[in-house]
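Given chain A, put chain B in place with the hints provided.
Just so you know, the sequences run in chain order A and B. Quick note, the first sequence lines up with residues 1 to 431 if you use my numbering. Quick note, the second sequence lines up with residues 1 to 266 if you use my numbering.
Hints in this document: simulated from the structure, not taken from any laboratory. Since this is a predicted model, take the numbers as computed values, not measurements. Relax, there's no trap hidden among the hints.
Output of the computed footprint for chain B on chain A, the stretches with three or more beta carbons under 8 angstroms from beta carbons of chain B: (1) 263 to 274; (2) 311 to 319; (3) 394 to 400.
Heads up, the beta-carbon is just placed ideally off N, CA and C, and yes, glycines get one too.
The primary structure of each chain is shown beneath.
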Amino acid sequence: MISQILFIALTIAAIALFSINLKKIIRNIRLGRDADRSDQPQKRLMTMLRVAFGQSKMVKRPTAAILHAFVYVGFVIINIEVLEIMIDGVFGTHRIFGGLGGLYNGLIAGFEILALLVWLSCVIFLIRRNVLKLKRFRGIEMTTWPRSDANYILITEILLMSAFLLMNAADAKLQALGSGHYISAGAFPVSQWLQNLLPASESSLVAIERGCWWFHITGILAFLNYLPYSKHFHIIFAFPNTYYTNLDPKGKFSNMPSVTNEVKAMLDPSFIPTETAAGRFGAKDVNDLSWVNLMNAYTCTECGRCTDSCPANITGKLLSPRKIMMDTRDRVTEVGKNIDKGGEGFDDGKSLLDTYISREEIWACTSCNACTEACPVNIDPLSIIVELRRYITMEESQAGNSLNNMMGNIENNGAPWKYSPADRFNWANKG
Amino acid sequence: MTEQTNFTVPTMAEMIARGEEPEILFWVGCFGSYDERAQRTTRDICKILQHVGIKYAVLGTEESCTGDPAKRAGNEFLFQMQAMTNIEVMNGYNIKKIVTGCPHCFNTIKNEYPGLGGSYEVIHHSQLIQQLIDDGKLKAEGGESFKGKKITFHDPCYLGRANGIYEAPRAALEILDAQLVEMKRCKVNGLCCGAGGAQMFKEPEPGKKDINIERVEEALSLNPAIVATSCPFCMTMLSDGVKIKEQSENVDVLDIAEITARANGL
Numbered sequence: 001m002i003s004q005i006l007f008i009a010l011t012i013a014a015i016a017l018f019s020i021n022l023k024k025i026i027r028n029i030r031l032g033r034d035a036d037r038s039d040q041p042q043k044r045l046m047t048m049l050r051v052a053f054g055q056s057k058m059v060k061r062p063t064a065a066i067l068h069a070f071v072y073v074g075f076v077i078i079n080i081e082v083l084e085i086m087i088d089g090v091f092g093t094h095r096i097f098g099g100l101g102g103l104y105n106g107l108i109a110g111f112e113i114l115a116l117l118v119w120l121s122c123v124i125f126l127i128r129r130n131v132l133k134l135k136r137f138r139g140i141e142m143t144t145w146p147r148s149d150a151n152y153i154l155i156t157e158i159l160l161m162s163a164f165l166l167m168n169a170a171d172a173k174l175q176a177l178g179s180g181h182y183i184s185a186g187a188f189p190v191s192q193w194l195q196n197l198l199p200a201s202e203s204s205l206v207a208i209e210r211g212c213w214w215f216h217i218t219g220i221l222a223f224l225n226y227l228p229y230s231k232h233f234h235i236i237f238a239f240p241n242t243y244y245t246n247l248d249p250k251g252k253f254s255n256m257p258s259v260t261n262e263v264k265a266m267l268d269p270s271f272i273p274t275e276t277a278a279g280r281f282g283a284k285d286v287n288d289l290s291w292v293n294l295m296n297a298y299t300c301t302e303c304g305r306c307t308d309s310c311p312a313n314i315t316g317k318l319l320s321p322r323k324i325m326m327d328t329r330d331r332v333t334e335v336g337k338n339i340d341k342g343g344e345g346f347d348d349g350k351s352l353l354d355t356y357i358s359r360e361e362i363w364a365c366t367s368c369n370a371c372t373e374a375c376p377v378n379i380d381p382l383s384i385i386v387e388l389r390r391y392i393t394m395e396e397s398q399a400g401n402s403l404n405n406m407m408g409n410i411e412n413n414g415a416p417w418k419y420s421p422a423d424r425f426n427w428a429n430k431g
Numbered sequence: 001m002t003e004q005t006n007f008t009v010p011t012m013a014e015m016i017a018r019g020e021e022p023e024i025l026f027w028v029g030c031f032g033s034y035d036e037r038a039q040r041t042t043r044d045i046c047k048i049l050q051h052v053g054i055k056y057a058v059l060g061t062e063e064s065c066t067g068d069p070a071k072r073a074g075n076e077f078l079f080q081m082q083a084m085t086n087i088e089v090m091n092g093y094n095i096k097k098i099v100t101g102c103p104h105c106f107n108t109i110k111n112e113y114p115g116l117g118g119s120y121e122v123i124h125h126s127q128l129i130q131q132l133i134d135d136g137k138l139k140a141e142g143g144e145s146f147k148g149k150k151i152t153f154h155d156p157c158y159l160g161r162a163n164g165i166y167e168a169p170r171a172a173l174e175i176l177d178a179q180l181v182e183m184k185r186c187k188v189n190g191l192c193c194g195a196g197g198a199q200m201f202k203e204p205e206p207g208k209k210d211i212n213i214e215r216v217e218e219a220l221s222l223n224p225a226i227v228a229t230s231c232p233f234c235m236t237m238l239s240d241g242v243k244i245k246e247q248s249e250n251v252d253v254l255d256i257a258e259i260t261a262r263a264n265g266l
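For reference, chain A alone in the conformation it holds in the complex (with noise of 0.2 angstroms):
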């Protein structure tokens, strides 16, 4: 009885706990400005189902594909378990699934396949970190935070995984010595191998087997209440982010109306601006980018595609568009806490530009767009940092010289360059 208040209590503290951060982290998101997702539910739909659920972007490089799939896979049924884990702990039955049979005993099987292609694909993943040091888990970003929250992660699964079969192992034990209410369920085809390790006692068995079962269930919840701190958190947003994807051509960038208001009424003195919201031209802060950019900060697991993909970090560039999303969500909870102390309003005299995100990484961007196709869950750096350009471009008029007389070319002569437009058409009469 104890246990089972314990365990209801144990529950209730961390959803409620996930709750309260969850929230925060919207609320985070929310501080960004509008942008409209609303459109085409059903291609959404489809996307996020394709992109996300079937993780169609990542086959792009098989190994981690795999590994990755084992992972998720296992992730997603290994829950069924959770929920017979969660009513055991309630009512304080034992297997309460168990009545379903040979589909029981199928269903545990297929579990602990599953635990073990996690486990060993953890540990692959912790080598090819750690050991094999695979340049896409370096560079600049990858300080020592980010490097220890991909370890903890794996770790954990690993210890999660390891706990569920060692419980398996020690309540099979137990049915094979009829002991107390460990009835006769499941089959075993893994965790049968760890049971010469286990001592035969009752008694040592037990705790064995309830020490594992919470630990599982613990760890479970310990490990839901990291996510809001961690690159992990992905394991959600993926969903929410490729649902509220970019579904123009990639190379179509946004027409900012707050312009066209201008530029009309330049042109055309009659004419009557609609209403737009103000605010500065591009983004120096968190706040001056879209919703959606920082839902892609939250969703970032720091993979590394992006920044492997990138023209200008292959060649040795400051920028890492991996960098940009790190820096994003870096910015976006440093404000969210400056709100939570000081609130709404609260100017701690930094910014995501310069403060984060120096100008030299982001003019060498190309806008070639691999980072955003090599992304497995739709980020999409560039935008961010298009709008970064276009507060030092609009609002500092600080391009660099270079651009300066280019964009001069363009507005004097309509062409990059100092030509006359009155050359224009001499290619006709050349050759």
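Coordinates of chain B only, in the frame set by chain A:
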């Protein structure tokens, strides 16, 4: 190769004055108009249009920069000024269909002009060539033979990833009976030439290599006779790269329009 001398390019103004309307407007672009290398491609596109008997016209001196580099550099004001001016000219001529000689112009007019009042059917010249081949109006005969020549195609970002056009430019190469080889980074995984996003008009940021060198090294590793592309920005970057690698003697960098014109003896 000698260029034709009896070569006249009709302008919209002349055509309207004659009371005629073209089937298609050929949007030349700044590179195609001013850059000597790109001018060759421009003339070849005209020759192809003439060869297949499509009634076309250009804007001539009435054309102005689409605003693409300004927009990518963050200058939305200048972009929209350019866009609205161009849209006014084109709407004034009642333009319905446009073919561009540049993926950047193509992307801008196709995707970014409609929101500002300029809605047209826009195709890139690679799509025009593909269409003509599909309709049987364009072949590869009567000109230079590309038989067995090793050609690799560099995907321009603003045609490829930006607009999902990968097959059209390859269609122009597939009829040549040449040996087409793909770089490892091709199509959706194509590597940028380094000129997009207004990079063409500034020095690159400090790094360990220029992007066009990275790309040209990849292309040259295939030992091609021709590196083909379909973008004047890429053309400049790749030609420069090939020159720096001292391979200009052995490797031609050509636009698919030039290849098509040569194959047909235009």
